[in-house]
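> So the chains spell out like this:
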Amino acid sequence: MSDADHSLYVRRSDEGIMVITIYVDDLVVGGDNDNLGEHVKNLLKQKFDMKDLGELKFFLGMEVIRTPEGIWLLQR
Amino acid sequence: MVAKNVGQQLQTLSGLQESPFSGSTNRPWSGRLHHNSSPTNIGDASYKGKEKVGEPLGMPNISARVVQDALVDKGYAQTHGIDYEETFAPVVKMATVRAVIAMAASRGWVLHQMDVKNAFLHGELQEEVYLDQPPGYEDMNHPYYVCKLRKALYGLK
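Going line by line, the protein sequences match chains A and V. Heads up: the first sequence begins at 1 in the working numbering, then just goes up one per residue. Heads up: the second sequence begins at 1001 in the working numbering, then just goes up one per residue.
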């Protein structure tokens, strides 16, 4: 758990870094190791009944668009 | 969530087919009805309807209005000082989310999204809470018996 935000969870290890933010029942999972990410997501799915929504597209009323130049954030 | 694309909306609609209370461990109340002897912590049951527009399952090209009902506790009937406790939920700050997205952009991380189904059913109740029987599903022999809650419901405080 991060000191800066109690809904931010960070895991650092030799395998890489893993970051999870939680908004009640909505989670964003990120990190630099895709295999580790899938592993953590599978662990979460075992513990809770969860739906994997794939790549991040919407979060907290914000649209997230990935392009080669960077990430666009849109709020309407 | 504010914005939803059609695919997500249909997923939500298909979710209507699953009963949230099907798994025995996730039933919100215990199997027995309880005699209404203690006057405290009895909530009124009511339904909270959410109307959604979309195509019914297996019937593409037909638009239908579907009413999704959720059994809720009438939390507003709870009284300050008697049965009113704080509620805690993890709420991430918008600045944190933007920071994580910025990290992902600069370091080329993949971002994934997940949500917990029926999150309220994961909360364990610490207190004894009873609920009137759901309207329309009363036991005719014991209409005034109450249900003992095993899991939290929306509207509980």
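Calculated directly from the structure, the hints in this document are not laboratory data. Treat the hints loosely; a few may be bogus.
Straight-line C-alpha distance at most 16 Å; calculated EDC-like pairs for lysine to aspartate or glutamate [said to hold, decoys possible]: (1) A:Lys51 to V:Asp1132; (2) V:Lys1117 to A:Asp52; (3) A:Lys41 to A:Asp52; (4) A:Lys51 to A:Asp14; (5) V:Lys1148 to V:Asp1132; (6) A:Lys41 to V:Asp1115; (7) A:Lys51 to A:Glu69; (8) A:Lys45 to V:Asp1115; (9) V:Lys1093 to A:Asp25; (10) A:Lys41 to A:Glu63; (11) A:Lys47 to V:Asp1115.
Here are the simulated distance ranges between beta carbons [stated by the list, open to error]: (12) V:Ala1095 to A:Asp14: 22 to 32 Å; (13) V:Glu1128 to A:Thr67: 37 to 47 Å; (14) V:Ala1089 to A:Asn35: 26 to 36 Å; (15) V:Tyr1145 to A:Thr67: 55 to 65 Å; (16) A:Leu43 to V:Pro1134: 51 to 61 Å; (17) V:Pro1134 to A:Ile71: 41 to 51 Å; (18) A:Ile71 to V:Pro1143: 53 to 63 Å; (19) V:Asp1115 to A:Ser2: 18 to 28 Å.
Yeah, the Cβ is synthetic: ideal placement off N, Cα and C, and Gly gets one too.
> All the hints need checking, so say for each whether the structure fits it.
Taking the hints in turn, this is what the structure says about them:
For the hint pairing A:Lys51 with V:Asp1132, the CA-to-CA distance comes to about 32 Å; that exceeds 16 Å, so the pair is violated. Between V:Lys1117 and A:Asp52, the direct Cα distance comes to roughly 10 Å. Compliance with the 16 Å bound is thereby established for this hinted pair. For the hint pairing A:Lys41 with A:Asp52, the CA-to-CA distance comes to about 8 Å; that is within 16 Å, so the pair holds. For the proposed pair A:Lys51 and A:Asp14, the alpha carbon gap of about 28 Å is over 16 Å, so the pair is violated.
Between V:Lys1148 and V:Asp1132 the CA atoms are separated by roughly 9 Å; this keeps the pair inside 16 Å, and the hint holds. Among the hinted pairs, A:Lys41 with V:Asp1115 is consistent with the structure: their alpha-carbon atoms are about 11 Å apart, no more than 16 Å. Distance restraint check for A:Lys51 and A:Glu69: the Cα-Cα separation of roughly 29 Å exceeds the 16 Å cut-off, and the hinted pair is therefore not satisfied. With a CA separation close to 10 Å, the supplied pair A:Lys45 and V:Asp1115 stays within the 16 Å bound.
Of the supplied pair hints, the one linking V:Lys1093 and A:Asp25 holds, its CA atoms being roughly 14 Å apart against a limit of 16 Å. For the suggested pair A:Lys41 and A:Glu63, the alpha carbons sit about 22 Å apart, so the restraint of at most 16 Å is broken. Distance hint between A:Lys47 and V:Asp1115 is fulfilled; the C-alpha atoms sit about 13 Å from each other, no more than 16 Å. Distance hint for V:Ala1095 and A:Asp14: a CB-CB separation of about 29 Å, consistent with the stated range 22 to 32 Å.
Judged by the Cβ atoms, the range 37 to 47 Å given for V:Glu1128 and A:Thr67 is violated: they are separated by roughly 54 Å. For the hinted restraint 26 to 36 Å between V:Ala1089 and A:Asn35, the CB-CB distance of approximately 31 Å keeps it satisfied. Taken as a hint, the range 55 to 65 Å holds for the pair V:Tyr1145 and A:Thr67, whose Cβ atoms sit roughly 60 Å apart. Between A:Leu43 and V:Pro1134 the C-beta distance comes to about 35 Å, which lies outside the given range of 51 to 61 Å.
The given range of 41 to 51 Å is respected by V:Pro1134 and A:Ile71, whose C-beta atoms sit roughly 45 Å from each other. Between A:Ile71 and V:Pro1143 the C-beta distance comes to about 57 Å, which sits within the given range of 53 to 63 Å. At about 21 Å, the CB distance of V:Asp1115 to A:Ser2 agrees with the hint of 18 to 28 Å.
Of the numbered hints listed earlier, those contradicted by the structure are 1, 4, 7, 10, 13, 16.
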